[in-house]
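Colleague: Given next are the chains, with one letter for each unit.
Number of protein chains: 2
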Amino acid sequence: MKQVNIGLLGVGTVGSGVVKILNDNAEIIKKRLGFELKLKKVCSKIVHDDVKHLVDGIMVDSYEELFDDDIDIVIELVGGYDFAKNFMLDAISNKKSVVTANKALLARHGYEIFSRAFENKVDVGYEAAVAGGIPIIKAIKESLSANNIQCIKAIVNGTCNYILTEMERKQAGFNDVLKDAQEKGFAEADPTFDVDGIDSAHKMAISSSISFGDNITEKDVFTEGVRDISLLDIKYASEFGYKIKLLGIARLIDDKIDVRVHPTMVKKDDALASIEGEYNAIKVKCDMADDTVYVGKGAGSLPTASAVVADVMDIARNIRHSSPLRIPLMSFPFNYVRKRNIIDINELEMDYYIRFSVDDSVGVLSKISGILGNNNISIKSVIQLNKGEDWVPLIVLTHKAKEKNIQNALHEIHKLDIIKDKTLLIRIDDE
Amino acid sequence: MKQVNIGLLGVGTVGSGVVKILNDNAEIIKKRLGFELKLKKVCSKIVHDDVKHLVDGIMVDSYEELFDDDIDIVIELVGGYDFAKNFMLDAISNKKSVVTANKALLARHGYEIFSRAFENKVDVGYEAAVAGGIPIIKAIKESLSANNIQCIKAIVNGTCNYILTEMERKQAGFNDVLKDAQEKGFAEADPTFDVDGIDSAHKMAISSSISFGDNITEKDVFTEGVRDISLLDIKYASEFGYKIKLLGIARLIDDKIDVRVHPTMVKKDDALASIEGEYNAIKVKCDMADDTVYVGKGAGSLPTASAVVADVMDIARNIRHSSPLRIPLMSFPFNYVRKRNIIDINELEMDYYIRFSVDDSVGVLSKISGILGNNNISIKSVIQLNKGEDWVPLIVLTHKAKEKNIQNALHEIHKLDIIKDKTLLIRIDDE
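Chains V and Y, in that order, are what the protein sequence lines are.
Heads up, the first sequence stops at 431 in the numbering used here, and the numbers go up one at a time, no gaps.
Heads up, the second sequence stops at 431 in the numbering used here, and the numbers go up one at a time, no gaps.
The set of hints was computed from the structure by calculation and includes no laboratory data.
Any given hint could be a false lead.
Subject to a maximum C-alpha distance of 25 Å in a straight line, what follows is the list of computed DMTMM-like cross-link-like pairs (lysine to aspartate or glutamate) [stated by the list, open to error]:
(1) V/LYS339 - Y/GLU27
(2) Y/LYS31 - V/ASP290
(3) V/LYS38 - Y/ASP290
(4) Y/LYS20 - V/ASP82
Predicted model, so just to flag it, every value in this text is computed and none were measured.
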């Protein structure tokens with residue numbers, strides 16, 4: 001069978017991994033496919049040193065050359081919004097199937113890009129956009145396709161998980177561990193996207209869309225990050241039987257969608273609690289297959305590139321068998337993909353961990369518990385620490401309460417002059 | 001698009017799950033596929049009560065009717081060897097694609113069945129044959145296809161894992177827990193296939209074949225079961241930092257294959273150590289994607305049926321797109337599938353846990369350690385328990401030793417009159 005030709009835009013971290021895999025594993029890829037995958041043209045401002053010799057002679061100056069007739073599949077690995085979006089839409093209009101790892105773009109403009117691909121009868125592969133080397137997109141779109149997917153719970157940001165793991169392991173504070181992670185290359189110089197939960201929200205928007213058959217975008221995902229987690233919270237979480245994880249949660253409840261990312265206390269015996277360091281994990285609950293969990297490296301050059309090349313192989317098969325759009329781009333056909341209501345987090349009910357920073361004085365607990373009670377919040381336990389300083393942490397664990405009531409109570413409590421610093425709220429996953 | 005018609009042989013545990021899913025989830029299946037999956041004919045001696053109303057009017061007396069022109073895909077769920085094999089070969093010769101959960105058959109005659117399917121240009125789906133609801137076959141054949149798979153470590157028998165978990169949880173002996181598991185339906189009346197490791201060996205033969213591109217059969221898999229594990233072993237494993245699991249291991253080493261199933265001490269921080277109860281898990285190590293782990297229910301009516309129906313959907317797409325054999329049946333093309341040498345376990349080197357049952361007398365340790373030393377086995381630690389009875393357990397942990405030397409030493413030691421009962425050997429996974 002004729003070879004399938006690839007055009008690659010961007011030879012950064014993931015791009016260089018793709019170049020390496022297409023070269024180093026060319027033989028096994030050809031054996032599995034029955035034909036060759038040929039990296040034909042590469043467009044990139046910078047090229048990692050270790051793959052320079054592999055792209056010699058195939059570099060092109062203009063990205064439009066990737067749309068030439070001799071290219072079958074285009075890989076977009078430049079990231080970002082505007083340029084990447086225009087590039088992808090251009091590629092699609094030129095009848096090229098596209099493979100991408102660009103979660104930010106798909107979480108914002110996925111529906112538009114997929115629609116354009118559908119019109120042009122080309123595929124878009126995005127396995128690498130969610131949880132790097134973990135094949136969660138294929139699992140949702142194909143392996144679990146006989147099921148109604150009910151719920152996804154996921155650790156999909158390796159940086160946050162690394163930081164939370166190291167805080168516990170080293171008994172160190174957030175900022176110290178972040179600095180260390182940045183030095184080791186586990187965190188970006190500007191860690192905003194990761195530590196503020198934005199990257200996780202992108203991945204939850206994509207994975208929940210294809211699980212439920214909805215067009216869920218980044219804006220739909222309630223998002224909180226991990227910056228305010230202290231070592232103290234990790235310690236008390238452990239004493240209460242929990243691990244703190246930045247969890248992505250997506251649930252379909254009564255034809256409405258609950259989708260959010262926030263620090264969450266996960267029971268120690270939950271499969272997600274044992275996911276450590278830079279590992280990612282996704283737990284999918286289905287009506288028939290029950291729980292399945294997928295674990296692996298969520299980032300890194302080669303694991304992510306492995307997912308990119310798997311997509312390229314899949315699409316190459318579709319090209320050779322003249323079966324484009326063999327699997328619906330969003331797992332469901334376009335005329336089925338809806339935009340159902342997103343449940344406001346204020347409407348949810350769960351248990352809460354609240355750490356107040358209060359005056360070390362008599363009567364504090366009475367004031368706080370009074371306001372909580374007035375807001376229909378029942379307290380499960382309280383720990384008041386004596387730090388011997390001006391202010392002390394007061395930790396409250398609640399029984400099941402409505403988020404709206406919690407927020408109202410916090411609003412009232414924060415007006416009290418006994419409150420000396422920011423309050424930390426961690427939601428508890430007790431399902 | 002025209003509907004795809006299904007013929008089903010066998011409405012037992014898994015078969016009734018398939019009937020239920022095809023009925024209950026008909027709508028979502030049709031939405032994802034763009035056409036209907038229609039259960040057209042069913043042949044079965046017995047039919048579970050809860051799905052009787054769903055197969056009314058489509059029961060046929062002779063299985064040959066499943067090969068009629070109006071059937072596109074045949075599902076084989078009767079299990080066993082001869083009848084199932086003949087049925088599948090007949091179906092294939094009649095140009096029907098087949099979906100099966102029959103691990104025993106595929107581990108023995110897979111190559112013959114796949115060859116016949118290849119000749120007849122039809123597909124064989126067997127996702128349900130390995131680890132039930134966990135989509136490990138698709139992960140190996142498609143998601144990881146840009147990789148050289150180096151190693152698989154797997155818990156693929158829920159019965160054994162349930163027994164080992166319950167022994168620890170209830171502090172109970174093997175036989176008590178087995179009996180309890182049988183009463184609860186977690187173990188068969190005749191548990192041989194499960195507790196002696198045979199079922200796990202079948203699954204390892206199948207998954208290692210498609211990982212490495214070899215024709216590995218049940219006979220190639222060194223197999224030991226869990227019958228001799230005692231509560232004492234579980235306790236000491238824990239003290240040494242391990243969990244005892246019935247582990248399937250398949251590795252490609254210097255172009256030879258190491259494939260085996262035996263009780264194994266797994267480090268507590270290994271992802272496989274935390275897999276409890278009836279859950280299964282497979283860890284796949286690849287050259288590019290690194291480690292990925294897949295966890296879920298390895299048995300049960302609906303999880304296994306979910307995998308069967310996913311295969312049916314996959315093959316139905318191939319039928320509608322006229323792309324049979326889109327993915328090579330054994331992950332590699334037939335002209336590539338080889339039969340490389342299997343490494344004799346005697347040639348392997350690892351750490352060992354050995355529990356001797358010895359006379360409670362002076363000089364015993366000296367005799368045993370002398371023989372171990374003469375066989376080049378170096379001892380890491382020894383625990384001699386004082387039970388106050390005729391004989392006592394003597395536990396030896398070795399440094400890395402050659403299996404052949406261990407077996408030679410045990411052979412010598414067993415000739416001593418200080419040995420009062422069977423010796424238990426557990427291999428340690430320290431990678």
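Colleague: Please go over all the hints and tell whether each is borne out by the structure.
Modeller: Results for each hint:
1. V/LYS339 - Y/GLU27: Given that 25 Å is the threshold and the Cα spacing comes to 19 Å, the pair holds.
2. Y/LYS31 - V/ASP290: holds (21 Å)
3. V/LYS38 - Y/ASP290: Holds - the C-alpha atoms of Y/ASP290 and V/LYS38 are around 24 Å apart, at most 25 Å.
4. Y/LYS20 - V/ASP82: Roughly 47 Å separates the two Cα atoms, so the pair is violated.
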